[in-house]
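Visitor: Hints in hand, dock the two standalone chains.
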Amino acid sequence: MLVRVVHLLPSELASILERMPAGVKDTVEEIRIREGRPLEIGYEGGFYFIGQDGGLLARPEEAYKPTGDTCRRLLERVTNHSLYAMEEELRRGYITVAGGHRIGIAGRTVLEGGSVRGIRDVAAFNLRIAREVKGASAKVLPKLLDFGRRSVLPALIVGPPQQGKTTIARDLARAVSSGAWGHPAAAGWIGRKVGIVDERSEIAACVRGVPTFDVGPRTDVLDACPKAEGMMMMLRSMSPDVLVVDEIGRPEDADAILDACHAGIAVIATAHAKDADDARGRPVLRRLLEAGAFAVCVELQRGSAGMTSRIVAARPAGRAPTAREPTYTGGGGAHG
Amino acid sequence: MVKLIGAVLILFAGTMIGFHQASRFAARPRQIRQLIQALQRLETEIGYGYTPLPEAVTNSAAHLPEPIAGLLQSVSRLLAEGESEGLTFRECWERALTKHWPGTAMKNSEQAALIRLGSALGISDRDDQVKHLRLAVQQLKAEEDAARDDQARYEKMCKSLGVLVAALVVILIV
Numbered sequence: 001m002l003v004r005v006v007h008l009l010p011s012e013l014a015s016i017l018e019r020m021p022a023g024v025k026d027t028v029e030e031i032r033i034r035e036g037r038p039l040e041i042g043y044e045g046g047f048y049f050i051g052q053d054g055g056l057l058a059r060p061e062e063a064y065k066p067t068g069d070t071c072r073r074l075l076e077r078v079t080n081h082s083l084y085a086m087e088e089e090l091r092r093g094y095i096t097v098a099g100g101h102r103i104g105i106a107g108r109t110v111l112e113g114g115s116v117r118g119i120r121d122v123a124a125f126n127l128r129i130a131r132e133v134k135g136a137s138a139k140v141l142p143k144l145l146d147f148g149r150r151s152v153l154p155a156l157i158v159g160p161p162q163q164g165k166t167t168i169a170r171d172l173a174r175a176v177s178s179g180a181w182g183h184p185a186a187a188g189w190i191g192r193k194v195g196i197v198d199e200r201s202e203i204a205a206c207v208r209g210v211p212t213f214d215v216g217p218r219t220d221v222l223d224a225c226p227k228a229e230g231m232m233m234m235l236r237s238m239s240p241d242v243l244v245v246d247e248i249g250r251p252e253d254a255d256a257i258l259d260a261c262h263a264g265i266a267v268i269a270t271a272h273a274k275d276a277d278d279a280r281g282r283p284v285l286r287r288l289l290e291a292g293a294f295a296v297c298v299e300l301q302r303g304s305a306g307m308t309s310r311i312v313a314a315r316p317a318g319r320a321p322t323a324r325e326p327t328y329t330g331g332g333g334a335h336g
Numbered sequence: 001m002v003k004l005i006g007a008v009l010i011l012f013a014g015t016m017i018g019f020h021q022a023s024r025f026a027a028r029p030r031q032i033r034q035l036i037q038a039l040q041r042l043e044t045e046i047g048y049g050y051t052p053l054p055e056a057v058t059n060s061a062a063h064l065p066e067p068i069a070g071l072l073q074s075v076s077r078l079l080a081e082g083e084s085e086g087l088t089f090r091e092c093w094e095r096a097l098t099k100h101w102p103g104t105a106m107k108n109s110e111q112a113a114l115i116r117l118g119s120a121l122g123i124s125d126r127d128d129q130v131k132h133l134r135l136a137v138q139q140l141k142a143e144e145d146a147a148r149d150d151q152a153r154y155e156k157m158c159k160s161l162g163v164l165v166a167a168l169v170v171i172l173i174v
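Protein chains in written order, with UniProt numbering: chain A, 1 to 336; chain B, 1 to 174.
A couple of the hints might just be wrong.
Said to hold, decoys possible - Mimicking EDC-like on lysine to aspartate or glutamate, the simulated pairs with C-alpha atoms at most 20 angstroms apart in a straight line are:
#1 B:Lys107 / B:Glu144
#2 B:Lys131 / A:Glu87
#3 A:Lys65 / A:Glu35
#4 B:Lys131 / A:Glu112
#5 A:Lys193 / A:Asp146
#6 A:Lys65 / A:Asp121
#7 A:Lys65 / A:Glu30
#8 B:Lys131 / A:Glu30
#9 A:Lys193 / A:Asp259
Calculated from the structure, these hints are not laboratory results. On a predicted model such as this, the values are computed, not experimentally measured, just so you know.
So here's chain B without its partners, still in its complex pose (with noise of 0.2 angstroms):
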């Protein structure tokens, strides 16, 4: 009785692994999909409406869904608070990446190109600004795509892997 148990649990822990994983290599692509529309507002913002860095911001987060909006909320609120140690926008932009970055299913070549377009951002003119932004865009689009391939390999491959390799132990056990 006490064996059926414990096979049931492993049975069910692996399942959840898997499904976990598999989860992770499909919400990555759309993770990459929000912040490439959170990047696209800001530019609109600063290319067309000259809106301070701060509010151009916070506005980029609105109608996004976590963790893009914390995100980029941790920003603002990091750029609002640090006006009496004098951040710069670099020091906030960097300080939430690290903060936030573990909460998403986003890889490190993503937080490279944020970290890149971070020290950019706030300290050029116009022009300047959207094209760091697109370029910014056009590198978390090439993510975007590798992490849609990743997603067709492996997404199936960790759901069913989950499973069976738990059914190995328990036979194993048996």
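Only chain A is shown next, with the shape it has when bound in the complex (with noise of 0.2 angstroms):
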């Protein structure tokens, strides 16, 4: 969807990308801008050349070859002149702009004390168009429902890289905190405290700390903070219901996980992992399934028929769960 992120590019850049075929323009999912080498860009899973006419090429010797003026004015775009504001950006090598795109940078990198400090002299960009799929996870959520707590089930969502983990994981937010729980027996539930701990800033994609994607009414968002010290932040902070994290693999985030689960909070997780076999496979996945962290595995696989998703159960058979009912029914105020 080139018409998202058209507004960030020089004028130059935008006027040959607009002369794209219109399909491609439709579709494209990721723009290469590299300083005096070829424009590339990638949709559906392709990647092409661009010309100086716009059009799609297989060989880069007649493509388009932006300027370093023209690279200059991209990056004064996207830090919106302000490259001193964004100084844990240039450290993490990507910046997120409003609507969520993200701008992975690449260029020399200035160290300090051996550890990497930021980037100066950039030279190449990968803008990533962020695509919002409202209701991806309508399928997955009716069998994530704990009738018990009126709430959702612990989840632990694994899939190969691309296949829609984060989406899933942002819609769930967005589900359970506007309480559109998509089930016949939950139409009465009223939505949950969400808190969503954005490590990579790719779930509510924060822009100076407003979600820029709809995760719902009652989510708070961590964005930029590291997943375990994260958690422990929400937990103490904003008395989330239910948390949702990115991308855990550390043993750190484990200790985390299971603290929450311990407080009675459902954590929904996303991991990289072919399937809940291949999950039990890594060691901090292994550890938290055992110990009963997470009530179910969502294996998602996105193939020609789009996206698919399957439910398996993840406590061991004779471990009572973690999350236990209330005690008291009526009480908590607003959630009588």
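Guide: Shown next, in the form of structure tokens:
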């Protein structure tokens, strides 16, 4: 969807990309801009170079090559003329702009005490156009309902990269937060407080702390915060019913998730793994699954027929769930 | 009678020209001082507030009198309008300077310092930005001292010179 990002591009670049065939303009997913090297786009899994006239080329020789001036204009635009305000983003290597689009950057890094402090002389950009798929979790959520607590079950979403794990997690957050449970038995349930710890700014795509994706009315987001620390902060400060985190995998993540579970919070996490069995092969995930931190595993697979999901029970047999039912009913004020 | 009216008019005009010149000498150090205040505010916004540049420029224009406020507001307006054209900060800054400079009492050396600053703002890290701003402030302070010297030397002289030249012209005509 070129229209969503064309306002970020310098006029020269925009006019070339505007001349691309209409079908490509609607489906473009990535725009790769490298100083003095051919302009490239990615759409529907394929990559093509772009000629001066906007035509798709398989070979780079005749492609349009952005100049240093164009790149500097682009950098100024995506940083809102304020590179100095982007120190953290430069350290991470990408900038998130309004609309959730992410611009990965590469260039010469600046080191401080041996670790990367930032990037200067930015010479390559990878503009990834964000797509928010509202209702992506509509098929999954009804199977994740926790009827005892009128909430959602703790779930681990697994799948290979690029299968839409984050999209599902984001939409789950939105649906749980707004109370769109999608199940006849849950018609009267209200939404739950959701906390998102968004280490890579991918779930909510915050710009200056405010989510640019719809993550629901009862959702709080800790943006660019390390997951383990962020989950503990959320627990202490925002009293969420549901915690959503992306890409767990470090040992400290597991500690934080177990803590949250024992506090009665349903954690929805995503992780790289082919399927639930594969997930058990990863030490951190294995530990979490064996401790019963997740009630179910959602396996995602994107094929020619679109996204398919399979839900498997994750708790080892005979173990009591860590999240218990409420001991009293009608309490909790708004949750009546 | 006509001669008398003419003489009065010449005297009046000469005096006014003298006062106008004198007021430019008085305005220059004042405007440089205000510019320094604006840049120091900008330094705080950038160095401690991480405020994005368009907003920082608008903030630093607040509470300042014309023509400095107009100059800075024009920069932030150009930044907002230039979105569609893809103008860089430097281009907006230079355009605003060219447009507003004749309306100020400041000279080319101050403008040169500002243009140098404009080519560095917004495109480097915080420490670097602060250094550039401090450098520009230092240059402006030197200009301010020079402007104050000029003021002390020429302000009164301009006023008397206006009257005296007018009187001379009147005497020559009569």
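Visitor: Hints first: check each against the structure and report whether it holds.
Guide: Each hint, compared with the structure:
Restraint check: the Cα-Cα separation between lysine 107 (chain B) and glutamate 144 (chain B) comes to about 11 angstroms, which is no more than 20 angstroms; the hinted pair holds. For a cut-off of 20 angstroms, the pair hint linking lysine 131 (chain B) to glutamate 87 (chain A) stands: about 17 angstroms separates their Cα positions. The suggested pairing of lysine 65 (chain A) with glutamate 35 (chain A) holds, with an alpha-carbon distance near 7 angstroms, which does not exceed 20 angstroms. For the hint pairing lysine 131 (chain B) with glutamate 112 (chain A), the CA-to-CA distance comes to about 19 angstroms; that is within 20 angstroms, so the pair holds.
Distance hint between lysine 193 (chain A) and aspartate 146 (chain A) is fulfilled; the C-alpha atoms sit about 15 angstroms from each other, no more than 20 angstroms. For the hint linking lysine 65 (chain A) to aspartate 121 (chain A), the alpha-carbon distance of about 17 angstroms falls within 20 angstroms, and the restraint holds. Note on lysine 65 (chain A) and glutamate 30 (chain A): the hinted pairing holds, with a Cα-Cα distance of about 16 angstroms set against a maximum of 20 angstroms. The straight-line distance between the Cα atoms of lysine 131 (chain B) and glutamate 30 (chain A) is roughly 37 angstroms, outside the 20 angstroms bound, and the hint therefore fails.
Taken as a hint, the lysine 193 (chain A) and aspartate 259 (chain A) pair is honoured in the structure, with Cα atoms around 18 angstroms apart against an allowance of 20 angstroms.
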